[in-house]
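Undergrad: Since chain H is already given, all that's left is putting chain Z on it; use the hints.
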Amino acid sequence: MTDVSIVGVGVSRFGRQPALTGRQLAVQAVLTALADAGIGWPDVQAAYGGSDASGLADTLVSDLGLTGIPFTNVKNGCATGGSALIAGYHAIRSGAADVVLVVGFDKHPRGAFDLMPADWGLPDGVGSAGLMVTTQFFATKIRRYMHDHGITPGTLALVAEKAYHNGSINPNAWRRQALTAAEVLASGMVNDPLTRFMFCSPGEGGAAVVLAPSDQAGRFASRPVGIRGAVSRTRPFGSFEVFSPWLPPGELSSVSALAARGAFEMAGIGPEEVDVAQLQDTDSGAEIMHLSECGFCADGEQEKWLRERATHIDGQLPVNTDGGCIANGEPIGASGLRQIHEVVTQLRGRAGARQVPGGPKVGFTHVYGAPGVSACTVLAV
Amino acid sequence: VPAIEPVTVAGEGKIWSYTVQRFAPKSPPYEAPAGGFQPFVVVYVETGDGIRIEGIVDGADPDQVRIGQVVRLTSAADVPRYRIADVSTGGAS
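Chains as they are written, first to last, in our numbering: chain H, 1374 to 1754; chain Z, 153 to 245.
Pulled out of the complex, with its shape left as it was, chain H reads as follows (with noise of 0.2 Å):
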């Protein structure tokens, strides 16, 4: 089977833009990502694509161009960029298409996500009643997480203060200016123990990204970085997520456990061998916990780790180097490419100001989303 190399990529900004749709802004990551390949759209052979609120990518065709090329929508939450990449990536793997374009785009409301319980399978009585919010999930899941690994509020403002650092210093972000740990703590709660300012929020912006074959990838006009191990996985019995009514007895599972094991056992590379990580952040807690259950630590480690600045950008391990979805919001459909970009962007040593030094090797993208969904990549050069 053939290796897999990602030759382009291309993001719009990410933050509000009133002016554009989010339709336009897949444009936008769709053009810059077929600049830095250094090709056309009549090159592209097949696509996959989706948002969640923002319609259809198959439609782009109509601004892109009418070439014909297969466009399949891909509709997958939170892991909606990741799942469509690992669509490209099998296209590729399988000999069907030799130049393939991937595209996740979003532009959410302002506010928490309104979500009706008949979509989900539960019964009208837990909307009425106030549960269908997404932001109560994190909240408690982190909270019983804290009480048994020790992982103290403090901690959960470091990891805020990291991602607005980040955001500062990346051009592209929604939130530019650093808070302080202090300001984070202090920014009001939103669901105990989670703060204004440790939650990200739902945003706008595209991100787009062009496979090829490895053994074509010296073509194009930007270095090339190979996919090591792809992987998504839906929810194993008993694990903790968005709307769970109950939970059975005993040890949670996790579906990113699953995913970031099967990328790394694909890719025969460890974590211990990850120079720079993008974890799904939709509140500092979030990041917390999927450094361990993706492999990168013990439960209770992230005490020490974020006191030490582990995951900073000169730290043990960079994590979420752009400022993650704390920095950038959450456009859910564009979040699992925005990591890739990242990625790319960091293997590449292009990323400026914020670039992890010593030259990194190997990278990680992680997206964890409702209802039990995650997409895992290897990526090295």
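The set of hints was computed from the structure by calculation and includes no laboratory data.
Hints may contain errors.
Part of the chain Z face toward chain H, derived, beta carbon under 8 Å [stated by the list, open to error]:
(1) S169
(2) R174
(3) F175
(4) K178
(5) F192
(6) Y196
(7) G202
(8) I205
(9) V222
(10) R224
(11) L225
From the three backbone atoms N, C-alpha and C, an ideal C-beta is built for every residue, glycine too.
TA: For chain Z alone, kept in the frame of chain H given last:
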């Protein structure tokens, strides 16, 4: 592969985790009570057999809720609704 079948769970249990809903959820689907939205406590309650049930604790001071407090089911008309059974269990777990 575990088979799923209905079981009867105890109405009494201990708070396994909780949060406080500090902002009014979007309507629809949320229906605020007659007096308007007030912050409320969302819990997972662990029963004796280890099953954890999501619900709401009514009538509690959000700042006094702790993991390990004993709660008792009062209604399951919309979602499971509990009340704190014994305030002296605060902080234990």
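Undergrad: Against this structure, judge whether each hint is valid.
TA: Results for each hint:
| no. | hint | in the structure |
| --- | --- | --- |
| 1 | S169 | 4 Å, holds |
| 2 | R174 | 5 Å, holds |
| 3 | F175 | 6 Å, holds |
| 4 | K178 | 4 Å, holds |
| 5 | F192 | 7 Å, holds |
| 6 | Y196 | 6 Å, holds |
| 7 | G202 | 3 Å, holds |
| 8 | I205 | 5 Å, holds |
| 9 | V222 | 16 Å, violated |
| 10 | R224 | 17 Å, violated |
| 11 | L225 | 13 Å, violated |
Checked against the numbered hints given earlier, the structure breaks hints 9, 10, 11 and satisfies all the rest.
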